[in-house]
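If you read the sequences in order, they're chains G and U.
Counting from 1, one number per residue, gives the positions in the first sequence under our numbering.
Counting from 261, one number per residue, gives the positions in the second sequence under our numbering.
No lab work stands behind these hints, which were simulated from the structure alone.
Fair warning: there could be bad hints in the mix.
[To be verified] Capping the alpha-carbon separation at 27 Å, the derived lysine-lysine pairs in DSS-like fashion look like this: (1) Lys274/U - Lys422/U; (2) Lys424/U - Lys274/U; (3) Lys135/G - Lys357/U; (4) Lys274/U - Lys357/U; (5) Lys424/U - Lys135/G.
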Amino acid sequence: MATAHALSANLQAPLVLRLTAMADDELILGHRNAEWTGHAPLLEEDIALANLAQDEIGHAITWYGLRSAIDGSDPDELVYFRDAPSFLNAWLVELPRGDWAFTMLRQYLFDAYESELLARLAHSSYEPLAQAAVKIGREELFHLRHSSLWLERLAHGTSESRQRLVTALATAWPLLPQLLAPMAGAADLQAAGIWPDPGELREAVIARARAALEGLGLTLMPLSPASGMSDHRGTHAAHLDEILANLQSVARADPEAVQW
Amino acid sequence: VTRWEVFKQDAAGKPHQAVGSVHAADAEHALVTAAHVFARRPSAVSLWVVPADAIYSRTAQELASREAADAGPAAPVAHGSNHDAGTHQQAFHVFRKASHRRSMTFVDHVGTLDASSPAAALARAVTHTPDAAGALAWWVVPVAAVTASAAADAPAWFEPAKDKTYKQQALYGATPAVPSDRVR
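Taking the hints into account, I'd like the entire structure generated from these sequences.
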């Protein structure tokens, strides 16, 4: 297995940034999904969402771990003691869970993105990343099956379920470009074969989601091209503060604690 | 919402076993839901879902009582004879509960046969299954009523479970409420 030492110095910072964004996306999405525990429309879906939440948080642990191998950072410190402005998650994952249609649509869009990304990362020249992508990618196929299945049923269910999906789409779809926007050092990572070409990935994810959603008879608004600073990760709505207050309060109440 | 019975196969060569039920609007949803609920942890290689109302179920007591058997939705059990000749045959899976000792599963798959009705299938199964007399309950399911997970889905649906072990209580770094030197 390749070590962090195999990574030249100029690539370490961009990869740390990318891994942090990935981990933060999964952590925050996992927490939003976990909020359904006890509230899902069916007991079985309650269990399913808890599983998805655990999986996403498990993926976050993997990405934070890969970062840690590069810069020695402590994942617990990153999760429990960073403030909102230091989080690099996309807006899509921090929005409140909304209704079932929004939750399933958001999950689908994230699953589509992650599946396309992981398929490319499986060929990364940075071996620890390639190995993690293969492992997580396998599980992501099942996530995609679950979220796709729900979109189909919401779209063809009742007029109310379809309307809820249309409403969810109006919120979630325009947020896709930020999720897919390149981050600092993207060209260097791409040149080194570590992270895929963000432009090509963006087109692949959008094409995949567009085919699926238009296939359900949904109308999609045009996406504005990636527009520099407006797509910058690291700005957040108050929603993230709300999640972090919930997530971090116990750890921060007793930062010295070694056991609970 | 329809109730579906879920059958899980733990390993190739092992029988599918009834592990519980899920509620879902259709078979595909039932199957995905069943994977979430019953295959999150090791082990599974295949799942079947069957609408609960497609299952012909008889306990040993019901079989022993002709009245109870006759009260069923399908044709009466034709003990010891085969009246199927010339009638429409279809394939049935037969499952049996063989022991009270198992708490996590109900019936195990024992075989598949052709018959003209669930009751006829059960009658033949009782005749042909070794140790049939010791069975506590039987389920008969038309093969056509089964929706099975695809072999191609196994890597995504079942293999990740191998890395998801139950987290034991002892693994949590919790401070015991009672100091260990006071525990006797």
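Evaluation of the provided hints:
{"no.": "1", "hint": "Lys274/U - Lys422/U", "verdict": "18 Å, holds"}
{"no.": "2", "hint": "Lys424/U - Lys274/U", "verdict": "22 Å, holds"}
{"no.": "3", "hint": "Lys135/G - Lys357/U", "verdict": "38 Å, violated"}
{"no.": "4", "hint": "Lys274/U - Lys357/U", "verdict": "15 Å, holds"}
{"no.": "5", "hint": "Lys424/U - Lys135/G", "verdict": "13 Å, holds"}
Violation of the numbered hints given earlier is confined to hint 3; every other hint is satisfied by the structure.
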